[in-house]
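**Q** Line by line, the protein sequences give chains A and B.
Residue numbers for the first sequence follow the numbering used here, so the first one is 1 and each next one is one higher.
Residue numbers for the second sequence follow the numbering used here, so the first one is 1 and each next one is one higher.
Calculated from the structure, these hints are not laboratory results.
Idealized CB from N, CA, C, for every residue including glycine.
It is possible that some hints are incorrect.
Derived list of chain B stretches under chain A, where covered just means 3 residues or more per stretch with a C-beta under 8 Å from a C-beta of chain A [stated by the list, open to error]:
#, stretch
1, 21-30
2, 33-46
Once the Cα atoms are required to be at most 30 Å apart in a straight line, the calculated BS3-like pairs of lysine-lysine come out as [claimed, not checked]:
#, chain 1, residue 1, chain 2, residue 2
3, B, K79, A, K198
4, B, K66, A, K643
5, A, K600, B, K79
6, B, K79, A, K602
7, B, K77, A, K600
8, A, K531, B, K79
9, A, K565, A, K529
10, A, K176, B, K13
11, A, K171, B, K63
12, B, K23, A, K166
13, A, K232, B, K79
14, A, K22, B, K79
15, A, K529, B, K23
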Amino acid sequence: MIIRRIEIENFRSYYGNENVFKFGEGLTLIIGDNGDGKTTVFEALQWLLDISSTDDAQKSHALDNFSEMRKSKLEIGESANLRVKMDFEHDGHKSVEKLFVITKKGEDYYDVSDIKFKGKEDTDEGRLSPDGRGLIKRCFDAEMQHFSMFKGESRLDVLDGPKALKMLVDKYSDIKYFDELVNLTSNFESSADKAFRKESKNDENTRSEAIRFDNELTKLSGEIQDIRKQIKELSTAVSSYETMLKDLEQNQDTRDRYNELSQALAGKKANATSLKASIDKVNLNTSLLDQYWIMCAFPDILSAFKDKCAQLRREKERLHDEFLLERGKEQGELDALKKENESLLNDDAKLPWYIPDDKYMKEMIMVHRCKVCNTPAPEGSEAYRFMVNKLEEYKKHINERARIKEEQVKLSKKQLFTEEYIDEINVLANRLSGPEEAFISGIANDINDRLEVVSRKSDELSQVKKDIEEIEEDISRLLIQAGNISEEMMKKNNSDVNNMFRRKNEAELEIKDLEFDLKGKLNREAEVKEKMVNLKPGNSLSRLYQKVHFAFDQIAQASMRAKEKNLYNFLNALREGANLYMDRLSTKDFHGEVSLFYKKDKDEAGIRLKSSNGTYITKPSDSQKTVMYISILFAVSDFAHKKTDEEYPLIFDAATSSFGDAKEEEFYNIINDVKKQCIVITKDFITGGKVRMNDVDKLTCRVYRIQKAEGFNSSDLSTIRTLVKEIKTED
Amino acid sequence: MAKNKRYNENYNKILEAVLLDEKLMEYAQYEPSEITSLEYALGSNNAIVGAVATIIEGLSEKKSEKEIYNTVNELLKKKL
Numbered sequence: 001m002i003i004r005r006i007e008i009e010n011f012r013s014y015y016g017n018e019n020v021f022k023f024g025e026g027l028t029l030i031i032g033d034n035g036d037g038k039t040t041v042f043e044a045l046q047w048l049l050d051i052s053s054t055d056d057a058q059k060s061h062a063l064d065n066f067s068e069m070r071k072s073k074l075e076i077g078e079s080a081n082l083r084v085k086m087d088f089e090h091d092g093h094k095s096v097e098k099l100f101v102i103t104k105k106g107e108d109y110y111d112v113s114d115i116k117f118k119g120k121e122d123t124d125e126g127r128l129s130p131d132g133r134g135l136i137k138r139c140f141d142a143e144m145q146h147f148s149m150f151k152g153e154s155r156l157d158v159l160d161g162p163k164a165l166k167m168l169v170d171k172y173s174d175i176k177y178f179d180e181l182v183n184l185t186s187n188f189e190s191s192a193d194k195a196f197r198k199e200s201k202n203d204e205n206t207r208s209e210a211i212r213f214d215n216e217l218t219k220l221s222g223e224i225q226d227i228r229k230q231i232k233e234l235s236t237a238v239s240s241y242e243t244m245l246k247d248l249e250q251n252q253d254t255r256d257r258y259n260e261l262s263q264a265l266a267g268k269k270a271n272a273t274s275l276k277a278s279i280d281k282v283n284l285n286t287s288l289l290d291q292y293w294i295m296c297a298f299p300d301i302l303s304a305f306k307d308k309c310a311q312l313r314r315e316k317e318r319l320h321d322e323f324l325l326e327r328g329k330e331q332g333e334l335d336a337l338k339k340e341n342e343s344l345l346n347d348d349a350k351l352p353w354y355i356p357d358d359k360y361m362k363e364m365i366m367v368h369r370c371k372v373c374n375t376p377a378p379e380g381s382e383a384y385r386f387m388v389n390k391l392e393e394y395k396k397h398i399n400e401r402a403r404i405k406e407e408q409v410k411l412s413k414k415q416l417f418t419e420e421y422i423d424e425i426n427v428l429a430n431r432l433s434g435p436e437e438a439f440i441s442g443i444a445n446d447i448n449d450r451l452e453v454v455s456r457k458s459d460e461l462s463q464v465k466k467d468i469e470e471i472e473e474d475i476s477r478l479l480i481q482a483g484n485i486s487e488e489m490m491k492k493n494n495s496d497v498n499n500m501f502r503r504k505n506e507a508e509l510e511i512k513d514l515e516f517d518l519k520g521k522l523n524r525e526a527e528v529k530e531k532m533v534n535l536k537p538g539n540s541l542s543r544l545y546q547k548v549h550f551a552f553d554q555i556a557q558a559s560m561r562a563k564e565k566n567l568y569n570f571l572n573a574l575r576e577g578a579n580l581y582m583d584r585l586s587t588k589d590f591h592g593e594v595s596l597f598y599k600k601d602k603d604e605a606g607i608r609l610k611s612s613n614g615t616y617i618t619k620p621s622d623s624q625k626t627v628m629y630i631s632i633l634f635a636v637s638d639f640a641h642k643k644t645d646e647e648y649p650l651i652f653d654a655a656t657s658s659f660g661d662a663k664e665e666e667f668y669n670i671i672n673d674v675k676k677q678c679i680v681i682t683k684d685f686i687t688g689g690k691v692r693m694n695d696v697d698k699l700t701c702r703v704y705r706i707q708k709a710e711g712f713n714s715s716d717l718s719t720i721r722t723l724v725k726e727i728k729t730e731d
Numbered sequence: 001m002a003k004n005k006r007y008n009e010n011y012n013k014i015l016e017a018v019l020l021d022e023k024l025m026e027y028a029q030y031e032p033s034e035i036t037s038l039e040y041a042l043g044s045n046n047a048i049v050g051a052v053a054t055i056i057e058g059l060s061e062k063k064s065e066k067e068i069y070n071t072v073n074e075l076l077k078k079k080l
């Protein structure tokens with residue numbers, strides 16, 4: 001099977017339908033930095049190939065995988081596809097496509113169509129459209145995927161795990177289902193043994209011994225069963241500790257970073273708690289604000305009031321001054337008028353206007369004689385008219401004087417301000433100042449101080465909460481990247497690790513003791529069985545049962561030996577194949593030899609690296625381990641090819657992170673030369689967020705760069721979009 | 001060993017692997033080269049060869065454990 005093309009449409013960060021990867025028969029690299037969508041490519045493929053989940057289960061999770069960006073751009077009533085398609089060669093051209101149509105029905109309400117899982121197949125009879133599920137089962141089933149798709153470096157060991165060896169042997173050795181034969185023949189031996197023992201107890205020649213042996217065997221059998229059960233439980237515990245310790249060791253950097261972030265988070269959370277307590281501690285309750293809050297503004301209001309009073313006072317003074325000036329002016333004008341009046345009269349006659357007075361004047365007019373100059377003044381004469389005029393003048397003066405006097409009286413009585421309000425409010429302002437003002441200001445200041453503390457601490461708390469969110473996001477990202485290690489494991493500290501080592505060592509010691517006991521019991525069981533076998537039954541039926549049991553025992557043992565031989569042959573062939581690849585993948589470095597061993601008691605196999613002088617390399621480097629595991633995978637792939645006449649791709653997500661920059665180029669070029677289809681998703685060849693194009697250009701394989709589109713908002717998933725670009729074609 | 005297409009290739013290989021066990025050969029006194037297939041082994045006069053073949057046949061045909069045991073047990077009782 002060769003994958004030719006993968007299309008990803010609206011799957012998580014792969015927005016739109018232009019995300020296409022094409023693959024040749026050798027190596028294809030997909031490179032991207034953290035968060036660029038590397039694992040999403042792998043998981044999109046896993047999603048497509050998932051045939052074990054029910055249609056309903058897949059439908060219910062479809063929205064989780066739907067692009068947030070596409071979702072955010074959907075209008076109500078509009079639809080979009082969630083789709084992954086793979087074109088491949090497997091006995092002819094084929095393709096498989098998984099599709100959901102997602103329709104926006106309302107704000108935050110989406111309809112997901114039923115799954116469309118379609119296959120296409122070119123055959124001699126033309127193009128067929130089989131069910132996608134059936135096509136995958138036929139061409140790339142779950143077991144094949146198990147040996148083809150690898151997520152993370154720690155999952156490269158195909159022999160890791162209790163059922164791994166059986167799966168590998170059943171899939172790729174010449175013979176499978178040996179385990180079933182071994183179990184069956186072993187059970188037959190037990191049944192035949194029981195039958196023989198039962199019959200022996202009925203035989204007079206052997207009865208007493210048979211009963212004794214049978215009782216002992218029954219007792220031994222129970223004890224052996226118990227011991228085996230204990231060993232199994234302890235072995236499971238040891239295996240679990242080993243897995244945890246291995247994960248911890250392999251994820252040390254991630255764990256250190258996690259602990260660093262966790263400590264920072266704990267510090268920030270403590271800070272937030274302390275700030276919250278400080279804020280809560282500030283007394284803003286009835287004794288303070290409820291009684292006095294209205295007074296808070298008093299100092300400011302009083303100050304404004306005093307300013308206003310002063311302004312009024314000044315305004316009053318100004319108006320009063322103006323008033324006085326005006327009054328003086330009016331007085332002056334009256335005086336001037338008076339003088340002018342007098343002067344007028346003085347100008348007209350030498351005599352003042354009041355000489356002679358009106359009585360004398362009237363008398364002179366009456367007698368027609370001017371008694372001032374003692375000349376006659378007949379009616380109609382000049383002198384007579386003078387006297388009449390003089391009298392009129394006199395009357396005018398008298399009237400004018402009376403008016404002026406009246407004006408003067410009025411003027412003297414005129415006042416601008418008849419009330420004392422401005423003086424009163426100034427007195428009030430003065431009275432409110434001083435100790436009362438100081439007392440109320442003290443309260444206001446206290447309240448302001450407290451409110452200021454609350455405000456400042458609230459700002460600090462907001463910042464701390466923001467920091468907490470950022471750290472929690474970092475932790476989430478770290479956990480997603482770590483993938484294979486749980487958060488609980490991340491929390492393990494040195495003391496926990498030491499504790500785990502201690503418990504593992506204790507369990508191992510206990511297993512050794514139990515195994516010693518078991519060996520003794522088994523030896524004794526064998527002795528008793530031997531004695532049982534050697535009994536000389538008196539009757540023919542007992543003898544027959546004895547023979548039948550012996551025959552079953554021989555068949556069971558032969559089956560076991562045959563299974564082991566088959567296994568050793570397979571492991572030898574695998575080892576030889578792997579070592580050929582080790583040579584090719586590490587021509588310049590020391591690489592050692594792959595050694596495979598079989599743990600009969602656990603029916604498990606393991607992989608070790610050893611030097612050609614026979615020394616085992618107890619702590620190979622991560623890159624040595626990676627080369628070793630990949631060599632074995634290539635050898636397994638050869639078995640698959642031999643067995644099925646089909647090649648299968650090897651797809652790695654972040655499997656080569658232990659390689660240094662210097663080794664990347666050499667390693668990948670060799671893999672490309674191996675001419676097995678490999679798809680490697682990696683962050684190699686990226687330094688400081690930039691692709692080292694000089695190094696990429698030295699590669700002979702096809703290279704894709706995946707990258708987040710610029711202009712995204714780091715806290716908004718709907719702004720994240722991965723762009724796919726082929727940056728190097730195959731040489 | 002010649003292959004017989006009636007039985008799955010795998011079960012012929014299992015039979016071959018078991019019958020090639022030296023200790024079993026020594027005990028049962030048979031010549032593996034004479035046993036050409038599972039079908040042939042089922043018709044063998046050798047009790048052990050017949051028993052092994054019957055067990056493997058039962059396995060290939062997914063017969064129950066009890067059924068296989070009873071068949072083989074009777075076969076051995078008859079031939080031993």
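**Q** Give a verdict on every hint.
**A** For each hint, the structure was consulted:
1. 21-30: holds (count 5)
2. 33-46: Coverage by chain A is violated for the stretch 33-46 of chain B (0 residues, Cβ < 8 Å).
3. B:K79 / A:K198: Holds: K79 (chain B) and K198 (chain A) sit about 21 Å apart, inside 30 Å.
4. B:K66 / A:K643: This hinted pair is violated, its Cα atoms lying about 34 Å apart.
5. A:K600 / B:K79: Measuring from Cα to Cα gives roughly 34 Å; hence the hint is violated.
6. B:K79 / A:K602: violated, 37 Å
7. B:K77 / A:K600: violated, 33 Å
8. A:K531 / B:K79: Roughly 25 Å separates the two Cα atoms, so the pair holds.
9. A:K565 / A:K529: Holds, because 26 Å separates the two Cα atoms, which is no more than 30 Å.
10. A:K176 / B:K13: Judged against 30 Å, a Cα distance of about 9 Å means the pair holds.
11. A:K171 / B:K63: holds, 23 Å
12. B:K23 / A:K166: holds, 25 Å
13. A:K232 / B:K79: violated, 40 Å
14. A:K22 / B:K79: violated, 65 Å
15. A:K529 / B:K23: holds, 19 Å
Hints 2, 4, 5, 6, 7, 13, 14 from the earlier list are contradicted by this structure; the remaining hints agree with it.
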